[in-house]
Amino acid sequence: MGSAEITTRMPMLRNRAKSYGILPGFGLTLGTTMIYLGFIVIFPLLALFVKSAHIDVHTLAAQMTSRRTVSAFSVSISASFYAAVFDAVFGLLVAWTLVRYRFFGKRVVDSLIDLPFALPTAVAGISLTTLYSNSGWLGRIFESMGIKVAYTPLGITLALAFIGLPFVVRTVQPVLDACSRDVEQAAASLGARPLTIFFRVILPEIVPAILTGSALAFARGLGEYGSVVFISGNMPLKTEIVPLLIMTKLEQFDYASASAIAVVFLLVSFCIVFSINLLQWLSRKKYGET
Amino acid sequence: MTEPLPDRNTLSRQRRAGRQADHQLEPPVVRWVCIAISLVFVVVFLVLPVVVIFEQAFSKGLAGYLAALADPDTLSAIRLTIIAATTSVALNTIFGVAAAYAITRFRFPGKNLLISLIDLPFMISPVVSGLLFVLLFGAQGWFGPLLRGLDFKIIFATPGIVLATTFVTFPFVARELIPVMQSLGNESEEAALVLGAGAWRMFFRITLPSIKWGLLYGIVLCSARAMGEFGAVSVVSGHIRGATNTIPLHVEILYNEYNFTGAFSVASLLLIIAFVSLVLKLVIEGKHDSRD
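Protein chains in written order, with this note's numbering: chain A, 1 to 290; chain B, 1 to 292.
What the hints contain is simulated information worked out from the structure, not anything from laboratory work. Keep in mind that the hints are not guaranteed to be accurate.
[As the list claims (entries may be wrong)] Lysine-lysine pairs mimicking BS3-like chemistry, simulated, CA-CA at most 25 Å apart:
| no. | chain 1 | residue 1 | chain 2 | residue 2 |
| --- | --- | --- | --- | --- |
| 1 | A | K106 | B | K287 |
| 2 | A | K285 | B | K111 |
| 3 | B | K281 | B | K212 |
| 4 | A | K106 | B | K281 |
| 5 | A | K148 | A | K238 |
| 6 | A | K286 | B | K111 |
| 7 | B | K212 | B | K287 |
Source: prediction; values computed, not measured.
The following block holds chain A by itself, in its conformation from the complex (with noise of 0.2 Å):
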């Protein structure tokens, strides 16, 4: 090889370089990606996009507006949202509890905060019921105050805020732990009190973070099932969630109305997704991080 024609090449590598670097396999892993992406993904999804443009606009609108499926969305909207507010409180306070102090015992108490994560939902569903209904540990004490969980709306609200309490935590802990403390201390020597702190230094800059973490809560709460089937008590028009409405549909092969409510349960999560992503687009852009 003459070092002619190595200087020859040499500008055509640098380009390549510039925008794929020399390593190898960029066509064997993004094909692999592609495809089983598109198999396992795309595909199914669009399935589900035509088969609910197969449905004439009568039919879908009589479906959607049926007593039993505003119920359904109503008693799914509401129990999570509630859930996500309930995460929002108690998830900071334990975000805060971890980051800003020393006590015995917070490793655990920091990975017992993924309990609800690695908990299958059945398993969390069964043991929730067990623990709230009227016989139960917990069930018990609220029963002797007149509030029944179990079977309930409030009971599909806690195992939602259940499922969802890490979401908040594990979005609030870093950012509270990259605040910076000057501007604290800064506020204390100009006279300001430990409240007016938290309200005008700290919260401003973990607000973006809780509002993320209870729309992450929220929109996990929306689609859940395994952990909500058995403490709802599953009664139409009551405590019928989505999801369930969906199973339901299906159980009777009805997969016109189960596609139709299916379709619009996606658009609905989708676009909560896309205001998270957009939040947090926005407080990027405000506190210019990267």
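Position chain B against the provided structure of chain A, taking the given hints into account.
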């Protein structure tokens, strides 16, 4: 200053320790109230449900617990769960490594879209995920007539359960690996190539060893979810006892038959898997800290 400069991590650790010491602007009573409420909350809200599982599982003693586990239907559910989980975890691991490599090592248009598409299964309700495959392969689905002609069942049979599990656990390994590979950079891989290693040699000697802990954690998360998946599998399984029941579905059946000891005994198996994944996370985080 004759001392060598501390590295970045020691610095951050010192900074963190310093913060702990000097930031206590709020009165101590706030601190104790926060710790107390958090601890009580975690115990009541997260620990009690776990305690209930064991209390119920052992309500008829160890013999009752073991009898529930030795039931032939339970054993068949365990077998099916292992088949479904290993298949889907293997597929998603190969995909996850390929996807993370493509995304972190190359620049190409549409990369952000690809990342969002990989996350898609996380946004979809498990029940809807199951429905997707019923619409494709069910009796009335697109490929229903074709499959009937071939006398091959996907829905209400093992292939459907594997497909649904694969769909639901699709993003786990890729998502775990992308940040790991991003932070590692590709200098050592390039060095290996420049020194004459072939592509596969580079991958097995450089890439794979450097991502092993992230990969392992991704696989563990993926397996835990694959074994515990309920909603999606419930739609495609048909709940045939001893044939198309996975462990979570078997738990549901036992529970609905008011066989609580049985249900919670079988559920405790899944709980153990959950604990293994939590402990492994701690171990891996420890490894990361000591390596850095």
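Worksheet item: Does the alpha-carbon distance linking K212/B and K287/B stay inside the 25 Å limit?
Response: With Cα atoms ~11 Å apart, K212/B and K287/B stay inside 25 Å; holds.
Item to complete: Verify the proposed pairing of K106/A with K281/B, using a straight-line Cα cut of 25 Å.
Response: This hinted pair holds, its Cα atoms lying about 15 Å apart.
Practice prompt. Measure nothing beyond the straight line between the CA atoms of K285/A and K111/B; if it is 25 Å or shorter, mark the hint as holding.
Written response: Holds - the C-alpha atoms of K111/B and K285/A are around 20 Å apart, at most 25 Å.
Fill in: Pair hint outcome, K106/A versus K287/B [Cα-Cα no greater than 25 Å]
Holds, because 19 Å separates the two Cα atoms, which is no more than 25 Å.
Worksheet item: If you draw a straight line from the CA of K148/A to the CA of K238/A, is it 25 Å or shorter?
Response: holds (14 Å)
Worksheet item: Under the criterion that the straight-line Cα-Cα distance not exceed 25 Å, is the pair K286/A, K111/B satisfied?
Response: holds (24 Å)
Worksheet item: Are K281/B and K212/B close enough, with their CA atoms no more than 25 Å apart?
Response: holds (13 Å)
Every hint, counting from the list given before, is met by this structure.
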